Amino acid sequence: MGILSGSSTYLRFKIEGEVPSGYLELFEKSINMRRFVPLHVDGEDTESIGWVSFQKPYDDDAEIFNDNFLFNESIVLGYREDSISYPMKDWIRKRLEEFQEKNQSVASWQTKKSIEAAVVGELRKRILPKSKVINFAWDISRGELRFFARGKSIADRFISHFEQTFQLKINLISFADLALRTDMSLMDKSLLETLEPQEIFKIIARTEVN
Amino acid sequence: MRANDQDASLEQNRTPRLRLVFLGAEFLTWLYFHIDQIGCEALVVDLIPKWQSPIQKMQLHIGKQMTLKSLLIADMRISISASTLEERGEVLQSIREGAYIDSLSLEITLGERVHNFVVQAGDGAITQAKTTQLFKESGDLGFDASSFGSKDEQKNEEMDVETNLLIRLSNLDEIEDLINGLFARFLKRRLAQAFIKQDIGAIRQRISEGLIAKLPKMIVNSGTELKREDEVVA
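Sequence lines, in order, name chains V and Y. As numbered in our numbering, residues 1 to 210 make up the first sequence, in order. As numbered in our numbering, residues 1001 to 1234 make up the second sequence, in order.
By construction, these hints were calculated from the structure, which means they are not laboratory data. Predicted, not measured: the structure shown is a model, and the values here were computed from it. A couple of the hints might just be wrong.
[To be verified] Short derived list, chain Y residues pointing at chain V, Cβ under 8 angstroms:
1. F1022
2. L1023
3. L1085
4. G1124
5. A1125
6. I1126
7. T1127
8. Q1128
9. A1129
10. D1160
11. N1164
12. L1165
13. I1167
14. R1168
15. F1183
16. L1191
[To be verified] Derived CB-CB ranges, DEER-like:
17. V:Y58 <-> Y:A1082: 36 to 46 angstroms
18. Y:K1214 <-> V:S185: 40 to 50 angstroms
19. V:T111 <-> Y:G1122: 48 to 58 angstroms
All C-beta atoms, glycine included, are put in the ideal place defined by N, C-alpha and C.
If we strip away everything but chain Y, and leave its shape as in the complex, we get:
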C-alpha cells in the first residue's frame, strides 16, 4: 500500500464526529461577523419559544473575551480580552492570516435576565456561564436569608436550594437553546451554495474595510498590496 493510499484510507475511517470537528471554529468565526445581522427579537422568539411572552429587552452581544487558533501554524493560540471585541484589529488580522475563533464569549439579555457565557469550539463546552439567580449568593447555597424571615430560614432552605437549582438549570437551557438555534442557522448557510460567495464574501469585505480603517498611516497602493507611506515614497 502506498503512503497516499494509507492516508486516504485513514481519512475514510475517521468517524463523522471527528471529521466534522472544524464546524465549531467555523461557526464561531461566522457568528462573530454576523451577530449584528441576526435580528435579535425574532431570533429569541424563534429560538426560545417558551419566552414568546412579551419581553421588554432582548439583546445578543459579543462578550469580552475570545481565543483564536491558527490552522496554519500548529499550537498558535491568541487570547484577547477587551471591553469590546467587535472590529478589533488583532482579531481581523489574525483571521486574515488563517486563524479561526476557538472560543467566544456572548451575552444575552432577556428582559431582566442576563446570561454571560463562553462557547468553546472544540468540545462544544459552555464555560464561565454566569446567569441571573433568584437569590443573592451567600455561603455555599446561593441563599440569601434576608429574603425570608429568620424563623423560616431553616424550613425554607431546602426548598430554596431546589428552586434556585431549577432556575439555574432553566437559565442554562436558554443558553443552550440559543446556541443550538444559532448553530442551526449557521449550518443552513454553510450547506448553501451561496455560502462562500455571500457569507465569506461579507467576512472578507469586513476584514478588508476594518483593517484599512485601523491603519490610518498606511495607504493602499495602486495594486492590491498594503504599503506604508515611507515604502511608497522610497
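Just chain V, with the same shape it has in the complex:
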C-alpha cells in the first residue's frame, strides 16, 4: 500500500557504504537466497520472512529476477512476513476434559504435552497464517531507501533482513541525522556538537504578553 496508489507513509534510510560493482547479479542471487518461503502445513515454524516481488507478493513459487525488482536506478521489493498463532487454550482444555472423562484420571505431564502437539498439528491444517507485505524502494544513485511503514518493530526486523541480504548497513534519516550529514564549516560543526535544546520556546512560556 502506498507505493503505487493511495497515500504513502514511509521511513527514510541512508545506505552506508558503496554498492559493489556488478551488484545486479550479486543482488539477484542474494535476494533469491532470502526470498520468502511460505510456512509449510506440516512444519513447526510459526513465522517466515523474506523478499517478494512488489507486483506479485503472493506468487510464492516464482523466482525474483532483476527485471522484477530493478526499475531505472531503484530496487523495489516487498518484505513479507507470515505468522501463525494458535488459539490453543480452549482446544487443549476441551481435549483434557475429554481425556479425563474417558480415562477417569487426570492427564500426566507427558500426556498433556502429547495432547498439545496433537492440537497444534490439527490447528495448523485449519488456520491460515497472517500475512503482511511492506514495500521498499532503494534509490541506488541517492543511496537512500524508503520503507513504506512506520512501526518500530517491523522496521527493526526489516533492517536486520536487509543488512543480512545486501551486506550493507542502513540508518534511519531523522532530522538529527540530516544535521550531522550537512556540509558545514568546522566552526559550525563544533557548534552543532554542543548544541542543546535551548529554552527558546520555554522562554515564550514564561514571557508575559506585552
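Use these hints to put chain Y onto chain V, whose structure you have.
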C-alpha cells in the same frame, strides 16, 4: 560516583543522533512561523534544481493538520485539524506554554503537480503523502484502462505500472528535496548567533500579536499581564 556525575556521564555517552533529536520539533516550529517569509519561487528553483525550467505556479503552504507536543508536561499531545492552521489561537497558545510542533502537514504546488504530506519531527518520517499521478487510480495498480485502447491494455499494463512507479518515486524525491532544503535553511539559522534575537524574537512577536488579536474581550494591563476586563474593573 555521585548521582550528578552519573547523569553527566550518561549525557556524554548519548550518541549525537539521540542528543540532537530535538532539532526536528524545533525545525517544524520554526517553519510554521517562517513559511510565509520564504520566497517560494526562489526556494523551489534553489532546492529542486531539476525543475528550473519555467513552472507557472509554485506555492508552499501549511496544510490542514498538525500535532503539538509539550516538553514541559510529559505525554501531552494536541492534534489540530482545520482548513487553515495559520495564526490559530490554539497553536499560538500551546507554543507559548512550551509546546513544540511534532508533526506538520505541508502542501507544495509545482505547476500542475500538487503534493500533500505530513512531516514527523521525531523519526523524520513522511506520512500521508499524496502526489499527483500519471493515471487515475483504478484497482490495485493505479491504472486507468480508459487512457489506452482495451486491446493494448494487458500489453501496456506492466509498462504503465513501471511508469507510474517511477513518477511516484520522482514525486517523493521532490518532497524530500524540499524538506532537506528547508531543514538546511533552518540549521543555518539555528547555528547563527542571531537566531535567538531575530528568529525567536520574530516568533515571540507573532505569538504576542496573534494572541492579542484572538482575544478581543481581553485588555492589556498597564504591566505585562493579560487580564479580563471584569478582573481589571474588580
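**Report entry** Cut-off 8 angstroms, beta-carbon criterion: hint that L1023 (chain Y) touches chain V
**Finding:** OK, holds: L1023 (chain Y) within 8 angstroms of chain V, min 5 angstroms.
Report task. Verify the interface restraint on R1168 (chain Y): the C-beta must sit less than 8 angstroms from at least one C-beta of chain V. Result -> The hint holds - R1168 (chain Y) has a Cβ within 8 angstroms of chain V, the shortest such distance being about 6 angstroms.
Query raised in the report: Can the hint on L1085 (chain Y) be confirmed by a CB-to-CB distance to chain V that is less than 8 angstroms?
Result: violated, 17 angstroms
Query raised in the report: With 8 angstroms as the cut and Cβ atoms as the points, is Q1128 (chain Y) at the interface with chain V?
Result: holds, 5 angstroms
Query raised in the report: Do the Cβ positions of K1214 (chain Y) and S185 (chain V) conform to the proposed distance bound of 40 to 50 angstroms?
Result: holds, 42 angstroms
Requested in this report: Against chain V, run the beta carbon of L1165 (chain Y) and see if the smallest gap drops under 8 angstroms.
Outcome: holds, 6 angstroms
Requested in this report: Tell me if L1191 (chain Y) is really an interface residue toward chain V, meaning its C-beta lies closer than 8 angstroms to one of theirs.
Outcome: Holds: closest Cβ of chain V sits about 5 angstroms from L1191 (chain Y), inside 8 angstroms.
Query raised in the report: Does the CB of N1164 (chain Y) sit less than 8 angstroms away from some CB of chain V?
Result: holds, 6 angstroms
Query raised in the report: Would the stated hint for F1022 (chain Y) survive a check requiring a Cβ distance to chain V of less than 8 angstroms?
Result: holds, 4 angstroms
Query raised in the report: Close enough to count: is the Cβ of T1127 (chain Y) nearer than 8 angstroms to one in chain V?
Result: Status holds, d = 4 angstroms.
Query raised in the report: Against chain V, with CB atoms and a cut of 8 angstroms, does the hint on A1129 (chain Y) hold up?
Result: Status holds, d = 4 angstroms.
Report task. Could you check the hint for me, namely that Y58 (chain V) and A1082 (chain Y) are 36 to 46 angstroms apart, CB to CB? Result -> 41 angstroms Cβ-Cβ, so the 36 to 46 angstroms window holds.
Comparing the model with each earlier hint shows violations of hints 3, 10, 13; every other hint is respected.
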